[in-house]
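Student: If you read the sequences in order, they're chains W and Z. Per the working numbering, the first sequence starts with residue 1, numbered consecutively. Per the working numbering, the second sequence starts with residue 1001, numbered consecutively.
By construction, these hints were calculated from the structure, which means they are not laboratory data. Note that beta-carbon positions come from the ideal geometry of N, C-alpha and C, so glycine has one too. Among these hints, one or two may not hold up.
As the list claims (entries may be wrong) - Here are the computed distance ranges between Cβ atoms for each label pair: (1) W:Met-135 / Z:Pro-1025: 53 to 61 Å; (2) W:Arg-140 / Z:Glu-1054: 39 to 47 Å; (3) Z:Thr-1027 / W:Arg-107: 23 to 31 Å; (4) W:Gly-57 / Z:Pro-1205: 25 to 33 Å; (5) W:Asn-189 / Z:Glu-1232: 42 to 50 Å.
As the list claims (entries may be wrong) - Derived pair list, reagent style DSBU-like, types lysine-lysine, alpha-carbon separation capped at 30 Å: (6) W:Lys-122 / Z:Lys-1209; (7) W:Lys-78 / Z:Lys-1209; (8) W:Lys-151 / W:Lys-108; (9) W:Lys-151 / Z:Lys-1139; (10) Z:Lys-1209 / W:Lys-108; (11) W:Lys-139 / Z:Lys-1209; (12) W:Lys-213 / W:Lys-165; (13) Z:Lys-1209 / W:Lys-165; (14) W:Lys-108 / W:Lys-78.
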Amino acid sequence: MLEIRNLHATVADKPILKGLSLTIQAGEVHAIMGPNGAGKSTLGYTLGGRPGYEVTGGEVNFAGQDLLSLEPHERASKGLFLGFQYPVEIPGVSFVQFLRESLNAQRKGRGEEPLSGGEFLKLAREKAALLKLDMDMLKRPVNVGFSGGEKKRAEMVQMGILDPKLAVLDETDSGLDIDALRVVGEGINAVMRRADKAVLLITHYQRLLDYVKPDFVHVLAGGRIVRSGGPELALELEEHGYEAVAG
Amino acid sequence: MTALPTRKQEDYRYADLAALAPLWPVTVEQVVLAAGESRAMSLVNSGDSPLVRELAVTLGDGASLDLAVLNAGSGYGRIAVRAELGAGARFNLGAAQLAGAGQVLEVITEVAHLAPDATSRQVVRSVAGRGSTANYLGKVLVAKGADGTDGEQSVRAMLLDRQSAANARPELEIHADDVKCAHGCAVGELDANALFYMAQRGLPPELAKRLMLQAFVAEAFAGMPDEDALLEQALAALEAML
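Let's have the full structure, built from the sequences with the hints guiding it.
Tutor: Here's what the structure looks like:
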């Protein structure tokens, strides 16, 4: 599904990723953990193609194609979803309009027919219910006036609607209370825990991993993966800290 | 007959004087509302030729005017409004300017609160692309004794490229004590974070830009009588300039 080989990336000429390699197969959930400043968010943005995140070396293959040669919207259309740590507010544009246009643009990119208004609303209603988000909130402007937890749930509703192959979720657990964490965790499982999909969770903490059980855990430090293991590695990190485990 | 203005005159500092010359002098149109009268008006500049209009608005006590301005087209467009507000009168201006291809568009206002308890609200949204210029020069004057005045100016301009310009000058002149006057003014570009967020969800850049600009322009007419029809015209003009 995703193969990252020796990826180097800079932000404002500062090297952040320094030879990161990672392979994710369909059906797997991977977690990347690491201290602040290790390059976790940079990895997500670089995969998404954010302007300002410059790849200076390495390769990324996603579902059989060179991901780095694609524009950000083309990457989305190929099935890459990036869950934002800080979802962006877009005044005056409703979620319903935004997501319908987005989904239909993705479908067009894949040579599929657009969804009608009615079909789209049915889909949106179903995914909002799954994440226990009031459908009325999707009629409001994108993320405007949403609490931190509501924004994260709305991200997961978007993921459900857009139905990606690979979801890279950047600190989706931050800003969530315990109940919301469970709802979001169950939502990720319901949408993405499938043989033809994969998830890369970027997180500081073990707590989301109690709900979304990873198959592999990696420690990112200094722009590279310095250690990989199974779910037990997350518990070890929680107990002993990054320095002891990765240092 | 007065002479053609020069750039030394504040209200003409950014004007397209060459386009103004053949239209000079401009006849001032009188708009007079009697005490208690309400009216909704719209001024639309959508043609190819330069359009210059000057309105002198007089609102009697308790009168109410909603004035919608759509300044687009492809030539010089100048809409100047001077309004005098009586006690408890209400003046509401919503203006959208869509400037393309080397065009100069401007809205010039002077709103004079001459008596107590009048309300004025001005919302101006300008989009400038392809080497164009969009201007707003607006003054709110509160005369001595016009206590209880509530005046608001919300002025924003969006530049689509580095060759385009926007000039915004909201101005307050207050001679009374008990007044509430707010003004906000911003000139900027489309939010790069929002553009990436939208791209990541699958929207091609042109479509993302269009959605954001439509929302921006819609703010000019939010809550006005005939909002839907105005917005439809404005969005058609936006399409034409993009």
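Student: Compare the structure with each hint and give your call.
Tutor: Hint check:
The given range of 53 to 61 Å is respected by Met-135 (chain W) and Pro-1025 (chain Z), whose C-beta atoms sit roughly 58 Å from each other. For the pair Arg-140 (chain W) and Glu-1054 (chain Z), the supplied restraint of 39 to 47 Å holds, since their beta-carbon distance comes to about 41 Å. For Thr-1027 (chain Z) paired with Arg-107 (chain W), a C-beta distance near 55 Å fails the hint of 23 to 31 Å. At about 26 Å, the CB distance of Gly-57 (chain W) to Pro-1205 (chain Z) agrees with the hint of 25 to 33 Å.
Look at Asn-189 (chain W) against Glu-1232 (chain Z): about 45 Å separates their beta carbons, and that is inside 42 to 50 Å. Proposed proximity of Lys-122 (chain W) and Lys-1209 (chain Z) is supported: the alpha carbons are some 27 Å apart, at most 30 Å. Distance check on the hinted pair: Lys-78 (chain W) and Lys-1209 (chain Z) sit about 21 Å apart at the alpha-carbon level, within 30 Å; holds. Using a Cα cut-off of 30 Å, the hinted pair Lys-151 (chain W) and Lys-108 (chain W) holds, with the two alpha carbons roughly 27 Å apart.
Between Lys-151 (chain W) and Lys-1139 (chain Z) the alpha-carbon distance is near 40 Å, which puts this suggested pair outside the 30 Å criterion. Between the alpha carbons of Lys-1209 (chain Z) and Lys-108 (chain W) the distance comes to roughly 18 Å, so the proposed pair stays at or under 30 Å and holds. Restraint check for Lys-139 (chain W) and Lys-1209 (chain Z): the C-alpha separation of about 20 Å stays at or below 30 Å, so the hint holds. In summary, the hint linking Lys-213 (chain W) to Lys-165 (chain W) is supported, as the alpha carbons are separated by about 18 Å, within the 30 Å threshold.
In summary, the hint linking Lys-1209 (chain Z) to Lys-165 (chain W) is supported, as the alpha carbons are separated by about 26 Å, within the 30 Å threshold. With a C-alpha separation of about 11 Å, the suggested pairing of Lys-108 (chain W) with Lys-78 (chain W) holds against the 30 Å cut-off.
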